[in-house]
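Starting from the structure of chain E, add chain Z where the hints point.
Keeping their order, the protein sequence lines are chains E and Z. Take 1 as the starting number for the first sequence in this note's numbering and just add one per residue. Take 1 as the starting number for the second sequence in this note's numbering and just add one per residue.
What the hints contain is simulated information worked out from the structure, not anything from laboratory work. Owing to the predicted nature of the structure, the values given are computational and were not obtained by experimental measurement. A portion of the hints provided could be inaccurate.
From the derived model, a few chain E residues whose C-beta atoms are all more than 10 Å from chain Z [said to hold, decoys possible]:
1. S16
2. A18
3. L33
4. A153
Where chain Z lies over chain E, by a calculated footprint (3+ residues, C-beta under 8 Å) [unchecked claim]:
5. 51-57
6. 72-86
In the SDA-like style, the derived pairs of lysine to any residue whose C-alpha atoms are separated by at most 25 Å in a straight line are [said to hold, decoys possible]:
7. Z:K246 x E:D132
8. Z:K246 x E:P65
9. Z:K246 x Z:L206
10. E:K57 x E:A31
11. E:K57 x Z:K246
Even glycine gets a Cβ: it sits at the ideal position worked out from N, Cα and C.
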Amino acid sequence: MEAQELHLTVNGEDHSLACDPDLPLLDVLRAGLGLAGPRFGCGLGLCGACMVIIDGKARSSCDYPAWAAEGTEVTTVEGLRHDGALHAVQQAFLDEQAAQCGYCTSGMIVAAAALLAANPGPTEQEVRNALDGNLCRCGTYGRVVAAVLRAAAR
Amino acid sequence: MTPPPRGLAAYPSLAANPVLSSWLAFCPGGTVTIRPGKVEYGQGVWTALAQVAAEELDVALARVTVAPVSTDTSPDEGVTSGSLSIQHSGSALRQACAQARAVLLEVAAGKLGTAELTVQDGQILAAGQPTGLSYWSLASPGLLDREAGDPVPVKPPREWSVAGRSAPRLDLPDKVTGRPRFLHDLVLPGMRYGRVVRPPAAVAELVSTGDPDLPPDVVVVRDGSFLGVVARTDAEALRAARVVAKAASWRVTESLPDDRDLKGFLLSAPTQDVPVESRRDEGAAASATTVRTAEYTRPFLAHASMAPSCAIARWDGEQVTAWSHSQGVFALRDALAAGLGLDPALVTVHHAEGAGAYGHNGADDATLDAVLLARAVPGRPVRVLWSREDEMGWAPLGPAMLARLSAGLDARGRIVTWRQDVWSNGFIGRPGRGGDPRLLALAHLAGGQPMPPAPDGPPTGAMGSTRNAVPGYDIPDLEVVRHRLLTMPIRTSSLRSLGAFLNVFAIESFMDELAECAGADPVAFRLAHLTDPRAAAVIEAVAEFSGWAGRPRQEGTGYGIGYARYKGLAGYCAAVAEVEARDDVHVRRLWLAVDVGTVINPDGVVNQVEGGAVQSTSWAIRERVTFDRARITSLSWDTYPVLRFTEVPGVAVRIVAAPGEPETGAGEIAQGPVAAAIGNALAQAAGVRVRDLPLTREQVIRAIEQA
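Looking at chain Z on its own, in the form it has when it is part of the complex:
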């Protein structure tokens, strides 16, 4: 048995929610319901958490069901973000299950007069023989309404039989048969349908609603510049919203920067400049014989979820109940209450699944929309669905960024000094962050204030725009500085991997440029600057299974590598890309080697890494939010194209085993390394370095012209 750490400090989620019955319940019919505070949005976390519980309780996985998250009944585990669910929720659940098991076995021991008991699929065995007792016969009401005590030993991974093996996702049978499962499918009795009429520009004031010709049963809601309708059907609401939009007149302010000059925008805005990392070695720095500097940028990126945001809300007197696909229902509850001046105790938010979420999208904002519209029809639930255009134009975006890197090599070709400056709007813009509710419609209500610029979290190499801005290589003299923009003409917040996507692209592109200066092979150059054996292991693994060494050069085709340890402290990922650059930029194949510590569901990890690799490819070669001086203009799949079936690379993923290492998330580790590998492969294929994302044909031509 693994000796437990002292106290519950190692289990932050459990320490914050210590009552065992808030985590699990033994239910009639021989099932176990677990109640994690983390939400499912396609990442498969519920399946992995069910495996954890089944393993620790010694019950079959099929007996475990997962309760939807609700502010009423679930432990508050904060936001489901940052690739932390397995670490936080998994460890809490494992410990809660181990303690629940101990409580039940103690009761069994009292009844049987022996403590030599084991459990087989929930049945209590004594000396290997059935006792007639089971978890379900022992779990009297209230028995688990007790606080977790000091940690008890948990099963070591070498004894696992359910966790550590690929398990099919619990939610997929519903999803392949079209059973209602998403919030978008939920129909409540007496429900009405709402639609919001958004302003025609990022900054616009509603001057007049005009005189829209509407059916008598349509309710129009106006509060300042917040405008919406409530109708009996969604079709009627949509029609009415179009009529209302046509009749309304607005005063539009041109407030957006020039989307063809993102560098100019980023470098001219006022900033808050804070050091992220500074380790000085003047002697080493002075030994530099070659100094290189380069700038890398990314554009604003959209979540572009497959489903427009949806929410339902109902007012019952002073009480508000909402259904949301938010990643953080507790923070959303508090933000709704703060924004509307309500007692949080009167607000309940239930989570229901939405389409894939890759960060802070429109889910929270849609919930406020539903709450505002439902106020007009007390007692009735109102469902709000955003349009595709509103989803693309009004959900928060991942910010545009600039990273300026400068490094010095000594005479032996070793990096002796490195400086990295990162300019970006903040990524930490979820509801409640920085003390503000940060919900879209609050700025539009009468007397509403513009949303303050997004915070960016503590200035570390793990957070915000400077996530992964501190290279993981052995460099004696190093300085990293964050320049957070203090104006936010375009609303920004968390998007998968935060700043790591650009920082890793920049660092790993620069590593190739430095390797070239040093006359070194990119793989050998990286390995020469790494002492962490787990880092070297993923790089060596990907080099081996992609056939890195000895691959013949082919005109127009290139191979590149990218590596990072996510956040500098989580999962390791190395990627190799094969890119063809003839008529256009094509990513043909990707190979990834990952080390995410102890793995609960190997196929779940591979699925997440594959998906991350494909999305990163899409960001790297296709995606860019466009806007004019007043509004976002990339509002459809035509104007914001994402990678499709005929364009996706083949993706091969290999998990590098790391027995005994702590679990880390897998959902975000591929974003940076894949983009970097593609950039490096393109540089070889096209014979020119492109430093501005996305890596399109036009950017290649521009780079050739500038070279």
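Bound-form chain E, shown alone:
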């Protein structure tokens, strides 16, 4: 558990920080960089609450070792704003009121943003498939699908 120097870009900013390379990336982002958006849900990559975009792909960060993030470009929900304006998916979540407790929301938004970057005009089924790794215990799935389709239509 020797600390090593980790270099990565988070939300457009370069960071180098000393950390245990076996730590989950989620810990680096939360404890190391003070980001609250990625959230711990299960630690096994099964719920999506911790999702971030790593080199363009939405991934769970709770089971993603820090060493594997070396040299990558990471975007969290905090980094989706552009010039101070909300990302289309964030705005659509507000427009559809697509949340209850909101604990899963950042992971959902990140997953949806990654989907729309790769596939700007997804079908409803493609949205459901893309977000199937994101769980919501409050049952807001229908609103989330509507929000992602609304963002895609913008």
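Below, chain Z alone, put in the same frame as chain E:
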């Protein structure tokens, strides 16, 4: 103006906390801070309460902020549960705001020499013209430190412009941008991180901690069989907890029932049997020509919140300060004090948001964990986070239940007699209930006693396991009996809708079975046994907009209906489900019509009903806590799957207007009717009645084999 009821009796929260300034304050910068005693956990209650205050004060909604609940500063409104927040907190706040408004207008009248005053966004107008006075210029310090007087008139709903309309949730902008908002995000200066090492079984005694190899700055806390660590970072605490767990040895007792025979467990345990409702009409009962009996069961269900429980605590000398996402910080404060032998006046609990809560989950227990671990590092806050496995295995569960129903139809196909027996562990197991602190770790401390079986509340059709066990239909001869289990091998407590989930599933499944006996359409059969026009209205609405009548039969697809008035006295809900049963059980669509009386935030109601419908679907077709003879085994999303994006039905909700009717909650009304609608739809789709939840492929096959 609506004439006010006499005295504050109609406002229990205000009567208990009568000082106006404990409810609201006018703050510099032209804002109003309201201080409800009810907590936000994703149900949107803060937004609705802000609407109530803005409406009654005549200020813009954007001026209203909501103060977090704290035992130090908030009115004690008990636990945020039972779908009562809008009724209790909303009515208290509305009355407190109306009285505060009157106090300020009286001061304004004195200054202006006229009482003909109105308010526009907090500015005082005389004859429609600005006076230069506002709430903020008038609200001198201490002015609202007075007790509420007799109720004053409040604005009637027809004059509302802020309440009664959909308002966006106040908390969502933070949540879509990832701003720190949850207790899990709170970092206090000098904070340390704790983790608890739970026993490896429901009943286990710590024999030895062994000799764990730990970094020097890790503190190990042991008290009896309570074991935990405190470290500088959460990662270090987690690592240390794993080392400590590996080194510890335990004496395990096999204490759990057979999870493949829940009926056997429920029917063989000692019980306390109490009548819930008894109205006898022997003549009617004797006219029965057909008698049917059936048993329906549900398994233990988990809260399975998205976030594992979290808490922070700090000791300063004799004083304890804790931060918790508990639904009842006042009861938690008292339970912490009672459990640890402290003066409650020395304990403060601040609420901070957690993930969605659907009843009594691990939040309170985690708070005690934090308090116990923080004792080892006086003066420092210690944050405890449960693991996913501990959340699934140690948070209280919704109890397994059995409902045995028996009914008689007369020659005309009318129900003339009904008997319902309900077996269950108690649901009312929150901290302090029944006089015991009821916090998990207390049983593990040296000299700790096992937690007594959960109470179940007064034996009525509104409480505990017999919530909604009294059918809302017109039945002349009726008897309902509660059989509360007096042993509790698996810890149980409140889970959304309590016994209503199974009781409504049972009653509404049975209604379909009886309708079939009577040769009646399920909708017509229900309507024939209902005299309450609001009940009929939701059933007729859902039948109409789901296209109930005249839908062509399709092989493998079924439609079913379920109805209940929540608790027998609150919101009405009727649901129709479309279920496909080919390779597996798929719920394709749900339609719901609800009447929750006067509505503060229509979109908030729809959101709650949609969410309740989806969660109920998940319970109905997927969820079951599993265990072996020593421990819970459904500890992850793999072993306790919940409904996901590709499986959720389309949900359509329609609010049936009920102008002038009192407000009721909306968060729990869908649970029973949706499960019942799904069960009835499945019976049509699969051609066989499944009476044991969850309604899985395996249960369908079993039912076919038994048929």
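Outcome of the hint check:
1. Listed as a non-interface residue, E:S16 keeps its Cβ farther than 10 Å from every Cβ of chain Z; the least gap is roughly 19 Å.
2. The claim that E:A18 is not at the interface with chain Z holds, since no C-beta of that chain comes within 10 Å of its own (minimum 13 Å).
3. The claim that E:L33 lies off the interface holds: its Cβ sits roughly 12 Å from the closest Cβ of chain Z, which is beyond the 10 Å cut-off.
4. For E:A153, the requirement that its beta carbon stay farther than 10 Å from each beta carbon of chain Z is met, with the minimum near 18 Å.
5. Here's how the stretch 51-57 of chain E fares: 0 of its residues keep a CB closer than 8 Å to some CB of chain Z, so the rule of at least three is not met and the hint is violated.
6. A stretch counts as covered by a chain when three or more of its residues have a beta carbon under 8 Å from one of that chain; for the stretch 72-86 of chain E and chain Z the count is 5, and the coverage holds.
7. This hinted pair does not check out: Z:K246 and E:D132 have alpha carbons roughly 35 Å apart, beyond 25 Å.
8. Only pairs whose Cα atoms come within 25 Å are accepted, and Z:K246 paired with E:P65 is accepted, the gap being roughly 23 Å.
9. Straight-line distance between C-alpha atoms of Z:K246 and Z:L206 comes to about 12 Å, which keeps the hinted pair within the 25 Å bound.
10. Only pairs whose Cα atoms come within 25 Å are accepted, and E:K57 paired with E:A31 is accepted, the gap being roughly 22 Å.
11. Restraint check for E:K57 and Z:K246: not satisfied, since their Cα atoms lie roughly 36 Å apart, outside the 25 Å limit.
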